[in-house]
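> When you get a sec, could you build the whole thing from the sequences and use the hints?
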Amino acid sequence: MTEDLLVVSTPVDLETWEEISELVAAASAKDSISYARIFSVENLKDPHYYGFCILAYHSETDELVGFASAVDPLNTRDYEWSIMVHPDKRSKELGVRIYERLVEEFEKRDFMSQTAMNASNSPHSAAFLKKLGYQYAYSERTMKALPKAVEMDEGLRIEKYREDQDRETLEGIIENAFGDSKEEVEALIEFTQYAPNRQFFLAWGEDTALGAMTIVHEHEKIWVTALAVHSMARGQGVASNLLRFAQQYAFDQGVKSIYLDVETDNEQALSIYERVGFQTVNHTKYWKLT
Numbered sequence: 007m008t009e010d011l012l013v014v015s016t017p018v019d020l021e022t023w024e025e026i027s028e029l030v031a032a033a034s035a036k037d038s039i040s041y042a043r044i045f046s047v048e049n050l051k052d053p054h055y056y057g058f059c060i061l062a063y064h065s066e067t068d069e070l071v072g073f074a075s076a077v078d079p080l081n082t083r084d085y086e087w088s089i090m091v092h093p094d095k096r097s098k099e100l101g102v103r104i105y106e107r108l109v110e111e112f113e114k115r116d117f118m119s120q121t122a123m124n125a126s127n128s129p130h131s132a133a134f135l136k137k138l139g140y141q142y143a144y145s146e147r148t149m150k151a152l153p154k155a156v157e158m159d160e161g162l163r164i165e166k167y168r169e170d171q172d173r174e175t176l177e178g179i180i181e182n183a184f185g186d187s188k189e190e191v192e193a194l195i196e197f198t199q200y201a202p203n204r205q206f207f208l209a210w211g212e213d214t215a216l217g218a219m220t221i222v223h224e225h226e227k228i229w230v231t232a233l234a235v236h237s238m239a240r241g242q243g244v245a246s247n248l249l250r251f252a253q254q255y256a257f258d259q260g261v262k263s264i265y266l267d268v269e270t271d272n273e274q275a276l277s278i279y280e281r282v283g284f285q286t287v288n289h290t291k292y293w294k295l296t
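Counting from 7, one number per residue, gives the positions in the sequence shown under our numbering.
No lab work stands behind these hints: they were computed from the structure.
Computed from a prediction, not measured in an experiment: that's the story for all the values here.
Possibly wrong hints are sitting among the right ones.
What the hints assert, rightly or not - Listed below are the simulated DSS-like cross-link pairs for lysine-lysine, each with C-alpha atoms no more than 27 Å apart in a straight line:
(1) 136 / 262
(2) 137 / 114
(3) 36 / 154
(4) 154 / 95
(5) 150 / 262
(6) 95 / 166
(7) 294 / 137
(8) 150 / 36
(9) 136 / 98
(10) 150 / 95
(11) 188 / 294
(12) 188 / 227
(13) 150 / 166
(14) 36 / 98
(15) 227 / 150
(16) 262 / 51
(17) 188 / 154
(18) 227 / 51
(19) 114 / 51
(20) 114 / 150
(21) 262 / 154
(22) 98 / 114
(23) 36 / 95
(24) 114 / 227
(25) 51 / 136
(26) 136 / 36
(27) 137 / 154
(28) 150 / 98
(29) 294 / 98
(30) 166 / 227
Here you go:
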């Protein structure tokens, strides 16, 4: 079998998205693994996300038999990628060809970093990445909660971020919580500020900002990202209140579910999320070149 490789930038057209969705669904059913999140399937048709796909079509039947998705979540040239070959047509050779084309595209796009992803219970993809020279770096859980009406703690209020008044405050919280450089923080704020489906919220105790988070609208669900609590306010229930606010916000907006990602070894965060009502629905492993 021979394949023709095609590169397309996101958002992909509806026909291509449907082909990718069908391939991912077939592999998910075959392997009993949910691949949609790892391959950012929903995001591939969303104009708010940056990235590209490598598509492998059978040269005679024009069937999509493999693809790679590479997403740059914050438009910082830091890509997260995965490769899939149709479960009935799997071959290491096709996977390698797609990977080689993927690397060429990274170079063309002047990338800063690239990280491979695979499902934690997918041993064949782990073996493939190891042969390419990648080493396991860390794992994340995707967690889900349902929207609901909640009660917030007295003395703490959650408000939308105001660029003209809160910029310095927000920068300080993120730098303190994550240890990011000023340049990284500015890139995150700029991206969030101008993406119409993203909104910062700040947690205030009287006149002091104690924490922050981003709510991202994605079709019939929302994501909580960049959840940050200043070191002076840890252990005071700020993170729990931000998450409860997200549940109320989702309830008011009429969306079906709330998601977030957290590193597996972050036991303190996991404990907070579980207490609020989030449950793990997926595990993803991340790999870096050795």
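> All hints, please: hold or fail.
Consistency of the hints with the structure:
1. 136 / 262: Outside the cut-off at roughly 38 Å; violated.
2. 137 / 114: The given pair, whose Cα atoms are some 24 Å apart, holds under the 27 Å limit.
3. 36 / 154: Violated, at roughly 35 Å.
4. 154 / 95: Violated, at roughly 44 Å.
5. 150 / 262: holds (10 Å)
6. 95 / 166: violated (49 Å)
7. 294 / 137: holds (12 Å)
8. 150 / 36: holds (24 Å)
9. 136 / 98: holds (13 Å)
10. 150 / 95: Violated - the C-alpha atoms of residue 95 and residue 150 are around 33 Å apart, more than 27 Å.
11. 188 / 294: The hint holds at about 24 Å.
12. 188 / 227: Not satisfied, since the Cα-Cα distance of roughly 31 Å exceeds 27 Å.
13. 150 / 166: holds (23 Å)
14. 36 / 98: holds (18 Å)
15. 227 / 150: Holds, because 10 Å separates the two Cα atoms, which is no more than 27 Å.
16. 262 / 51: Distance of about 20 Å is within 27 Å: holds.
17. 188 / 154: Roughly 36 Å separates the two Cα atoms, so the pair is violated.
18. 227 / 51: holds (16 Å)
19. 114 / 51: With Cα atoms ~22 Å apart, residue 114 and residue 51 stay inside 27 Å; holds.
20. 114 / 150: Violated, at about 37 Å.
21. 262 / 154: holds (10 Å)
22. 98 / 114: holds (25 Å)
23. 36 / 95: holds (12 Å)
24. 114 / 227: With a Cα-Cα distance of about 34 Å, the restraint between residue 114 and residue 227 is violated, given a limit of 27 Å.
25. 51 / 136: Violated - the C-alpha atoms of residue 136 and residue 51 are around 30 Å apart, more than 27 Å.
26. 136 / 36: Holds: residue 136 and residue 36 sit about 23 Å apart, inside 27 Å.
27. 137 / 154: violated (46 Å)
28. 150 / 98: violated (34 Å)
29. 294 / 98: Measuring from Cα to Cα gives roughly 20 Å; hence the hint holds.
30. 166 / 227: It holds: about 19 Å lies between the C-alpha atoms, which stays within 27 Å.
When each numbered hint is compared with the structure, violations occur for hints 1, 3, 4, 6, 10, 12, 17, 20, 24, 25, 27, 28.
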